[in-house]
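**Q** Taken in order, these protein sequences are the chains called A and B. Residues 164 to 636 (the working numbering) are what the first sequence spells out, left to right. Residues 54 to 268 (the working numbering) are what the second sequence spells out, left to right.
To be clear, the hints were calculated from the coordinates, so they are not data collected in a lab. Even for Gly, the Cβ is constructed at its ideal location relative to N, Cα and C. Incorrect hints may have been included.
Unchecked claim - Sample of chain A residues facing chain B (criterion: CB under 10 Å; computed from the structure):
| id | residue |
| --- | --- |
| 1 | Glu-182 |
| 2 | Glu-183 |
| 3 | Ser-186 |
| 4 | His-188 |
| 5 | Ala-249 |
| 6 | Pro-253 |
| 7 | Arg-336 |
| 8 | Val-470 |
| 9 | Asp-473 |
| 10 | Gly-474 |
| 11 | Asp-478 |
| 12 | Ala-489 |
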Amino acid sequence: MAAYAWRRNGGRAVQTLFEEIWSRHVVEELPGGESLLYIDRHLINELTSPVAFRRLRERGRAVRRPELAHAFADHMVATVPGRTQASFPPAQPYLHALREAAAAAGIPLFDLDDPGQGIVHVAAAEAGLVLPGMTVVCGDSHTCTLGALGAVAFGIGTSEIEHVLATQTLRVRRPQVMRVRCEGRFEAPLSAKDLALYLIGRMGAAGAAGHAVEFAGGAIRSLGMEGRFTLCNLAVEFGARFALIRPDRTTAAWLAALPGVAGEAGPPSLPWCEDSRSGARFDAERSFRIDGLAPRITWGTSPAQVVAIDGRVPDPEELPAREAEAARRAIEYMGLAPGEPLAGLPVDDVFIGSCTNGRLADLRAAAAVLRGRRVAPGVRAWVVPGSQAVKRAAEAEGLDEAFVGAGFEWREPGCSRCVAVNGESVGAGCRAVSTSNRNFEHRQGPGARTHLASPATAAASAAAGCIADPRDL
Amino acid sequence: MEAFTVLEAPAAPLLRDDIDTDALFPAAWVMDFDTDYGAALFANWRYLDARSVENPEFVLNREGFRAARILVAGANFGCGSSRSHAVWALAAFGIRAVIAPSFADIFRGNAIREGILPLVLPRPEVERLAAIAAAHPGATFRIDLQSCRVRDPLGGELAFEIDAPAREHLLSGLDEIDSTLRHRAAIERYEAGVRAKRRQWAAAGIPHDDRSRAR
Numbered sequence: 164m165a166a167y168a169w170r171r172n173g174g175r176a177v178q179t180l181f182e183e184i185w186s187r188h189v190v191e192e193l194p195g196g197e198s199l200l201y202i203d204r205h206l207i208n209e210l211t212s213p214v215a216f217r218r219l220r221e222r223g224r225a226v227r228r229p230e231l232a233h234a235f236a237d238h239m240v241a242t243v244p245g246r247t248q249a250s251f252p253p254a255q256p257y258l259h260a261l262r263e264a265a266a267a268a269g270i271p272l273f274d275l276d277d278p279g280q281g282i283v284h285v286a287a288a289e290a291g292l293v294l295p296g297m298t299v300v301c302g303d304s305h306t307c308t309l310g311a312l313g314a315v316a317f318g319i320g321t322s323e324i325e326h327v328l329a330t331q332t333l334r335v336r337r338p339q340v341m342r343v344r345c346e347g348r349f350e351a352p353l354s355a356k357d358l359a360l361y362l363i364g365r366m367g368a369a370g371a372a373g374h375a376v377e378f379a380g381g382a383i384r385s386l387g388m389e390g391r392f393t394l395c396n397l398a399v400e401f402g403a404r405f406a407l408i409r410p411d412r413t414t415a416a417w418l419a420a421l422p423g424v425a426g427e428a429g430p431p432s433l434p435w436c437e438d439s440r441s442g443a444r445f446d447a448e449r450s451f452r453i454d455g456l457a458p459r460i461t462w463g464t465s466p467a468q469v470v471a472i473d474g475r476v477p478d479p480e481e482l483p484a485r486e487a488e489a490a491r492r493a494i495e496y497m498g499l500a501p502g503e504p505l506a507g508l509p510v511d512d513v514f515i516g517s518c519t520n521g522r523l524a525d526l527r528a529a530a531a532v533l534r535g536r537r538v539a540p541g542v543r544a545w546v547v548p549g550s551q552a553v554k555r556a557a558e559a560e561g562l563d564e565a566f567v568g569a570g571f572e573w574r575e576p577g578c579s580r581c582v583a584v585n586g587e588s589v590g591a592g593c594r595a596v597s598t599s600n601r602n603f604e605h606r607q608g609p610g611a612r613t614h615l616a617s618p619a620t621a622a623a624s625a626a627a628g629c630i631a632d633p634r635d636l
Numbered sequence: 054m055e056a057f058t059v060l061e062a063p064a065a066p067l068l069r070d071d072i073d074t075d076a077l078f079p080a081a082w083v084m085d086f087d088t089d090y091g092a093a094l095f096a097n098w099r100y101l102d103a104r105s106v107e108n109p110e111f112v113l114n115r116e117g118f119r120a121a122r123i124l125v126a127g128a129n130f131g132c133g134s135s136r137s138h139a140v141w142a143l144a145a146f147g148i149r150a151v152i153a154p155s156f157a158d159i160f161r162g163n164a165i166r167e168g169i170l171p172l173v174l175p176r177p178e179v180e181r182l183a184a185i186a187a188a189h190p191g192a193t194f195r196i197d198l199q200s201c202r203v204r205d206p207l208g209g210e211l212a213f214e215i216d217a218p219a220r221e222h223l224l225s226g227l228d229e230i231d232s233t234l235r236h237r238a239a240i241e242r243y244e245a246g247v248r249a250k251r252r253q254w255a256a257a258g259i260p261h262d263d264r265s266r267a268r
């Protein structure tokens with residue numbers, strides 16, 4: 164259903180990539196400024212869809228285009244090695260509801276034991292379900308991840324899930340478009356996660372609210388697809404419901420290498436995807452340079468409360484009044500003191516995984532740091548691959564043995580301790596370095612103290628037993 | 054959905070920025086499929102044990118604010134997850150309107166679709182209303198969505214703005230899907246157009262997404 168390819172926009176005003184994809188999916192402009200937008204791909208999970216399916220049933224409505232929907236079991240599944248359906252009983256009613264609804268409507272389900280199972284934003288891309296030019300929705304705020312492929316991908320609530328199921332459309336107002344240009348070179352161990360945390364810190368938790376963000380610039384072009392997914396994933400943490408990156412040769416090569424896509428897509432020659440529409444006008448522009456950027460780590464309870472890994476907890480007295488109160492609360496919740504250095508804080512938990520950092524490149528980066536090192540005594544360290552495909556690929560190159568040998572647990576794919584609705588959480592009062600996306604109060608478990616960081620920083624911290632700078636190893 | 058026209062009710066001040074969906078509806082309460090959404094609202098702040106023992110300091114546990122149907126909150130309200138559970142928790146507790154300087158995009162849409170008014174005012178006005186609410190627990194505020202005006206218990210009145218589709222949706226309480234299904238012909242035309250284009254692409258050897266159904 165997607166506009167996978169399109170012709171140049173000869174003669175007309177130059178649109179941004181976002182506007183171009185959007186306008187191609189407008190079924191009708193509605194009074195009051197909303198568009199009726201056609202949805203090419205509806206991704207579904209067990210946490211946010213059961214009520215939508217129930218309401219649909221209660222109102223006697225059918226699923227309009229079940230072949231455009233795909234369901235994944237991810238949020239609530241146990242990730243314990245050798246898991247079964249019974250491993251986390253509270254998930255049963257959710258998984259049961261999803262299975263019944265999917266079967267009744269004819270929606271394919273990537274269930275617990277499916278070789279394509281995984282966190283929806285990881286596994287859907289691997290399955291070739293998301294292509295450049297598509298509109299993609301899912302009942303999960305990190306759906307913007309998939310915009311890395313050059314799609315208009317966004318998170319929706321349960322009433323919108325019901326609306327898409329019934330109509331294959333959404334009533335939405337087109338957001339403004341902001342270009343975030345990043346120039347400079349990534350020097351190891353600096354990663355897309357560090358850049359994303361840096362941008363969140365600079366822009367604030369609502370810095371791009373009301374906007375779709377298009378990432379551009381040399382630093383973005385130099386990122387592989389996995390780094391691009393990480394970056395787009397975290398755009399919602401600075402308020403952008405949508406993020407995207409113009410497809411290029413990196414995108415084309417990644418798609419062509421997917422099993423099942425290669426044969427049909429042929430060689431990656433996609434004339435429409437080069438960075439050619441420089442004349443497009445954006446509603447807002449921000450520019451950043453990444454040269455010399457230090458790895459980042461969060462100290463507070465918002466992803467915007469972030470500093471360089473060699474930085475210190477800020478002193479609320481020195482912050483603007485509006486930030487000071489939030490900082491005081493965060494410092495208390497996190498068990499920190501103003502002015503305290505982050506590096507060296509003892510760590511109880513390390514979590515490597517999630518839709519942010521659960522891909523093969525992330526696991527490789529962590530394993531490279533761990534080489535010849537062991538998890539420090541008393542640290543509970545987990546690796547949760549983002550999908551079955553990631554797990555298989557990692558095992559094929561021996562990463563599982565490397566992690567287990569270093570003292571990590573090597574687990575099954577799922578959202579696990581990122582979302583903590585699956586019986587897997589960080590203990591109360593425990594300090595965690597996590598490659599996930601949210602450090603909200605109680606997010607990783609009641610009383611959990613989360614520091615967000617890159618896979619390299621997480622691995623370095625696991626080995627050191629305290630927050631550690633991967634550049635020091 | 055219950056229509057929203059005029060709301061006369063007490064307001065509770067909770068002037069924090071970035072109140073996230075995990076605060077509104079903590080993950081632990083998801084684990085019960087038939088959870089008590091009203092009890093789950095702000096559970097980590099409302100209860101000393103995160104479950105049932107009330108924290109007497111928390112605003113919704115204080116006299117006059119238990120019956121609040123309006124929240125006066127900080128900027129970027131509802132950031133975080135897309136989970137509608139956050140809105141259901143507000144609704145089940147009895148909150149019908151949140152007054153804040155700004156809302157997270159996904160939350161705002163969820164709220165409107167579940168009949169909760171996200172009311173945006175400039176920060177100084179929000180702070181003023183919060184101060185009035187704090188000083189007069191249980192006093193009645195009046196929000197009129199027809200005239201788009203909010204009146205505080207001291208008689209002060211100010212206008213607010215909300216985009217037309219959101220306002221009409223809240224005022225009517227009509228089912229959005231019914232409204233969209235009236236555009237069925239346009240949706241079918243769109244789909245027919247896409248099918249035609251796809252045949253052209255296939256003829257020209259341009260890849261499209263039919264394979265995704267291959268599994």
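**Q** Any of the earlier hints contradicted here, and which numbers?
**A** Per hint list: 1, 2, 3, 5, 8, 9, 10, 11 violated.
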